[in-house]
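Visitor: Below are the chains, spelled out letter by letter.
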Amino acid sequence: NAGVMQNPRHLVRRRGQEARLRCSPMKGHSHVYWYRQLPEEGLKFMVYLQKENIIDESGMPKERFSAEFPKEGPSILRIQQVVRGDSAAYFCASSPLLAGDDTQYFGPGTRLTVL
Amino acid sequence: GEDVEQSLFLSVREGDSSVINCTYTDSSSTYLYWYKQEPGAGLQLLTYIFSNMDMKQDQRLTVLLNKKDKHLSLRIADTQTGDSAIYFCAERYNQGGKLIFGQGTELSVKP
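Chains as they are written, first to last, in the numbering used here: chain A, 564 to 678; chain B, 2 to 112.
Chain A on its own, in the form it takes in the complex (with noise of 0.2 angstroms):
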């Protein structure tokens, strides 16, 4: 059972563009979680989303940022005309939601660079 898969692992950007990062969770998992790692802190939750809806986006910054979970293919994290403060890893998370297991197994991240 292949892990938590993201791409692209690296991803530079200049101010202005649009980031795109992508998700696909662990097979059989239907719940995806988005974190942000900026430099020398700990992991931000950003959003929590099951196939086609969004759970709890209290953790997403009001603007340029939007996420989705299609119901089929990855879960996208969409950064609009990105700046420099937006530079950070970007980690995803994936859950089976079972009685008995909720565990968030993690991606090896998306680092984002803004020049």
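None of these hints come from the bench; they were simulated from the model.
One or more of the hints may lead you astray.
Keeping only pairs whose Cα atoms sit at most 30 angstroms apart, straight-line, the calculated DSSO-like set for lysine-lysine is [what the hints assert, rightly or not]:
#1 Lys57(B) to Lys607(A)
#2 Lys71(B) to Lys37(B)
#3 Lys625(A) to Lys68(B)
#4 Lys68(B) to Lys607(A)
#5 Lys590(A) to Lys57(B)
#6 Lys37(B) to Lys590(A)
#7 Lys614(A) to Lys69(B)
#8 Lys71(B) to Lys57(B)
#9 Lys614(A) to Lys68(B)
#10 Lys57(B) to Lys614(A)
Please read all numbers here as calculations on a predicted model, not as lab measurements.
Starting from the known structure of chain A, arrange chain B on it as the hints suggest.
Guide: For chain B alone, coordinates are given in the frame of chain A:
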């Protein structure tokens, strides 16, 4: 409120025990986790403890939970150089809920 605190650095000698501490503020937390992050990598789940437990042991790892003081610790026995990494504790309030992470403790193991 949501707050998880960890000391930032710990240095030990190979073969010694390491104890990484964590305090949290929300007494309604249901699960508490320890994750390990090696440089440039994602987070690896090490172990977790349910809030109605006081202790959990898994090979070289021992987790202690003091609910009264809202204090969690991770003990690594016979620490090896391969244990050098950043260790994060995290709490979760309800099933399926978000994780609240501490800042991470950087463990340095010297030969």
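Visitor: Check the hint pairing Lys37(B) with Lys590(A) against an upper bound of 30 angstroms on the C-alpha distance.
Guide: 23 angstroms, holds
Visitor: Sort out whether Lys57(B) lies within 30 angstroms of Lys71(B), counting only the CA atoms.
Guide: 16 angstroms, holds
Visitor: For the pair we were handed, Lys57(B) and Lys607(A), check the Cα-Cα distance against 30 angstroms.
Guide: With a Cα-Cα distance of about 26 angstroms, the restraint between Lys57(B) and Lys607(A) holds, given a limit of 30 angstroms.
Visitor: So if I understand the rule, the pair passes when the alpha-carbon distance is 30 angstroms or less; does Lys590(A) with Lys57(B) pass?
Guide: This hinted pair holds, its Cα atoms lying about 28 angstroms apart.
Visitor: Holds or violated: are the alpha carbons of Lys68(B) and Lys607(A) at most 30 angstroms from each other?
Guide: 24 angstroms, holds
Visitor: Holds or violated: Lys614(A) and Lys69(B), Cα atoms, limit 30 angstroms.
Guide: Violated: Lys614(A) and Lys69(B) sit about 39 angstroms apart, past 30 angstroms.
Visitor: Is Lys57(B) within 30 angstroms of Lys614(A), Cα to Cα?
Guide: 34 angstroms, violated
Visitor: For the pair supplied as a hint, Lys71(B) and Lys37(B), is the alpha-carbon distance within the 30 angstroms limit?
Guide: Measuring from Cα to Cα gives roughly 21 angstroms; hence the hint holds.
Visitor: Assess, step by step, whether the Cα of Lys625(A) is no farther than 30 angstroms from the Cα of Lys68(B), and give holds or violated.
Guide: 35 angstroms, violated
Visitor: Within a Cα-Cα threshold of 30 angstroms, do Lys614(A) and Lys68(B) meet the stated pairing?
Guide: 35 angstroms, violated
Checked against the numbered hints above, the structure breaks hints 3, 7, 9, 10 and satisfies the rest.
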